[in-house]
Amino acid sequence: MEIFNPYKNIEELKRLLLQANLKVTTTRLTVLNILKNARRELTAAEILYNPSPQVKKLSFAGVYQTLRQLEEAGVLVKFKLGNEQALYSFKDCQSNIRICCKKCGHLQLIHDQDLELDLQALILAHGASTCHLTLEKSECLYCKG
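Counting with numbering that gives the first Met the number 0, you get residues 0 to 144 for the letters of the sequence shown.
Don't take every hint at face value.
Straight line, CA to CA, 27 Å or less: simulated DSS-like cross-link-like pairs of lysine-lysine [unchecked claim]:
hint : residue 1 : residue 2
1    : Lys55     : Lys13
2    : Lys102    : Lys136
3    : Lys143    : Lys56
4    : Lys55     : Lys35
5    : Lys79     : Lys90
6    : Lys136    : Lys101
7    : Lys102    : Lys143
8    : Lys56     : Lys77
9    : Lys77     : Lys35
10   : Lys102    : Lys77
11   : Lys56     : Lys22
12   : Lys79     : Lys143
13   : Lys90     : Lys55
14   : Lys56     : Lys35
15   : Lys35     : Lys22
16   : Lys13     : Lys35
17   : Lys55     : Lys102
18   : Lys90     : Lys77
19   : Lys101    : Lys77
20   : Lys90     : Lys143
21   : Lys102    : Lys79
22   : Lys56     : Lys101
23   : Lys77     : Lys136
24   : Lys55     : Lys77
25   : Lys90     : Lys22
26   : Lys77     : Lys22
27   : Lys79     : Lys101
28   : Lys77     : Lys13
29   : Lys22     : Lys55
30   : Lys143    : Lys101
31   : Lys35     : Lys79
32   : Lys90     : Lys13
33   : Lys79     : Lys55
34   : Lys90     : Lys35
Hints are computed from structural coordinates only; laboratory data are not their basis. Keep in mind that this is a model prediction, so the values were computed, not measured.
Construct all of the structure, not just a fragment, from the sequences and the given hints.
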């Protein structure tokens, strides 16, 4: 994960909040900036423990409330598998296809545009509303290593 940069893309994030009819707050900007600079989906705990001076001013409840509001507004998507912590990312930014290790629970995003398009077509053909596919693997590279 990259180090938090409070000035990178700040105007873009403000515009995003206003388009979603949300008030621009420091907490929302901080959470969005951390997610924008992350290379993968993050949990609320990973957002809260980010090495940013701005994060030290946030509470766990505040981060969870912000994530919920951003999800409800359609800015973020939440992915939860079983009893694991929910993962958050920008809507339309991450893949909807994951491989989950049954042994350690590690989730790996699969970025394959053709597979994503096929999955979208399948979802539409069957009248489903969401598009998340999780494949299970008995053991991953982290377990074998």
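Status of the hints after comparison with the structure:
{"no.": "1", "hint": "Lys55 x Lys13", "result": "holds, 21 Å"}
{"no.": "2", "hint": "Lys102 x Lys136", "result": "holds, 8 Å"}
{"no.": "3", "hint": "Lys143 x Lys56", "result": "violated, 39 Å"}
{"no.": "4", "hint": "Lys55 x Lys35", "result": "holds, 18 Å"}
{"no.": "5", "hint": "Lys79 x Lys90", "result": "holds, 15 Å"}
{"no.": "6", "hint": "Lys136 x Lys101", "result": "holds, 6 Å"}
{"no.": "7", "hint": "Lys102 x Lys143", "result": "holds, 10 Å"}
{"no.": "8", "hint": "Lys56 x Lys77", "result": "holds, 24 Å"}
{"no.": "9", "hint": "Lys77 x Lys35", "result": "holds, 15 Å"}
{"no.": "10", "hint": "Lys102 x Lys77", "result": "holds, 23 Å"}
{"no.": "11", "hint": "Lys56 x Lys22", "result": "holds, 18 Å"}
{"no.": "12", "hint": "Lys79 x Lys143", "result": "holds, 25 Å"}
{"no.": "13", "hint": "Lys90 x Lys55", "result": "holds, 26 Å"}
{"no.": "14", "hint": "Lys56 x Lys35", "result": "holds, 19 Å"}
{"no.": "15", "hint": "Lys35 x Lys22", "result": "holds, 18 Å"}
{"no.": "16", "hint": "Lys13 x Lys35", "result": "holds, 13 Å"}
{"no.": "17", "hint": "Lys55 x Lys102", "result": "violated, 34 Å"}
{"no.": "18", "hint": "Lys90 x Lys77", "result": "holds, 9 Å"}
{"no.": "19", "hint": "Lys101 x Lys77", "result": "holds, 21 Å"}
{"no.": "20", "hint": "Lys90 x Lys143", "result": "violated, 33 Å"}
{"no.": "21", "hint": "Lys102 x Lys79", "result": "holds, 17 Å"}
{"no.": "22", "hint": "Lys56 x Lys101", "result": "violated, 37 Å"}
{"no.": "23", "hint": "Lys77 x Lys136", "result": "holds, 22 Å"}
{"no.": "24", "hint": "Lys55 x Lys77", "result": "holds, 23 Å"}
{"no.": "25", "hint": "Lys90 x Lys22", "result": "holds, 19 Å"}
{"no.": "26", "hint": "Lys77 x Lys22", "result": "holds, 21 Å"}
{"no.": "27", "hint": "Lys79 x Lys101", "result": "holds, 15 Å"}
{"no.": "28", "hint": "Lys77 x Lys13", "result": "holds, 21 Å"}
{"no.": "29", "hint": "Lys22 x Lys55", "result": "holds, 21 Å"}
{"no.": "30", "hint": "Lys143 x Lys101", "result": "holds, 13 Å"}
{"no.": "31", "hint": "Lys35 x Lys79", "result": "holds, 19 Å"}
{"no.": "32", "hint": "Lys90 x Lys13", "result": "holds, 16 Å"}
{"no.": "33", "hint": "Lys79 x Lys55", "result": "holds, 26 Å"}
{"no.": "34", "hint": "Lys90 x Lys35", "result": "holds, 11 Å"}
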